[in-house]
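Visitor: What follows is each chain in one-letter form.
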Amino acid sequence: GEDVEQSLFLSVREGDSSVINCTYTDSSSTYLYWYKQEPGAGLQLLTYIFSNMDMKQDQRLTVLLNKKDKHLSLRIADTQTGDSAIYFCAESLRTTSGTYKYIFGTGTRLKVLA
Amino acid sequence: KAGVTQTPRYLIKTRGQQVTLSCSPISGHRSVSWYQQTPGQGLQFLFEYFSETQRNKGNFPGRFSGRQFSNSRSEMNVSTLELGDSALYLCASSGGTYTYNEQFFGPGTRLTVL
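Chains as they are written, first to last, in the working numbering: chain W, 1 to 114; chain S, 115 to 228.
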């Protein structure tokens with residue numbers, strides 16, 4: 001089946017690290033993504049990881065992938081108030097027609113307290 | 115390069131009416147995908163168009179339809195609106211030809227059905 005799950009809310013203090021978790025069910029994912037949505041805006045791609053990688057680091061962002069447990073996480077170091085947003089996890093799956101489609105999670109609302 | 119644009123940004127309709135939403139992709143992008151975003155449900159995939167053909171389809175009733183024009187602009191139509199259709203409708207464009215295709219999202223059209 002195709003399902004991506006995330007917890008709905010996370011609250012952290014400014015300067016702390018945030019860890020947003022995601023679980024997915026389809027083991028045939030090719031790429032996994034993290035998107036950020038700020039109020040009134042569309043989704044912005046933050047980072048992505050190829051399914052045969054374990055970890056990817058990009059400045060304050062660290063993505064960890066545990067393929068065995070189908071678990072993806074996004075760690076934001078030194079979280080700032082500007083990081084307050086909704087974060088979506090997504091996976092891309094190959095369809096029977098050879099194209100790719102995206103499955104998104106429910107989104108995690110991150111609130112950063114000053 | 116201009117981003118993905120969606121019109122209108124806000125729309126209020128009543129039950130039973132129909133609505134047409136428009137999406138202009140980034141210049142050169144041939145793939146346009148549509149998503150419905152509701153609180154607690156995350157993003158639900160509606161359909162994807164590539165070179166004027168529907169390439170993938172989600173699990174939405176036939177009241178939801180779309181099309182794509184030769185300039186890659188896409189429209190989405192919802193007929194016989196129901197209260198549950200109230201949502202943010204997002205479109206995303208991508209090059210559409212490779213495994214990794216970053217999707218660029220528009221700001222969305224917020225539809226309210228009364």
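Hints are supplied without guarantee of correctness; some may be wrong.
[What the hints assert, rightly or not] Derived DSSO-like pairs (lysine-lysine); straight-line CA-CA distance at most 30 Å:
no., chain 1, residue 1, chain 2, residue 2
1, W, Lys111, W, Lys36
2, W, Lys56, W, Lys67
3, W, Lys56, S, Lys127
4, S, Lys127, S, Lys171
5, S, Lys171, W, Lys70
6, W, Lys101, S, Lys171
FYI, nobody ran anything at the bench for these hints, they're computed from the structure.
What you are looking at is a predicted structure, and each value in this text was computed from that prediction instead of being measured.
Visitor: Hint by hint, which ones does the structure fall short of?
Guide: 3
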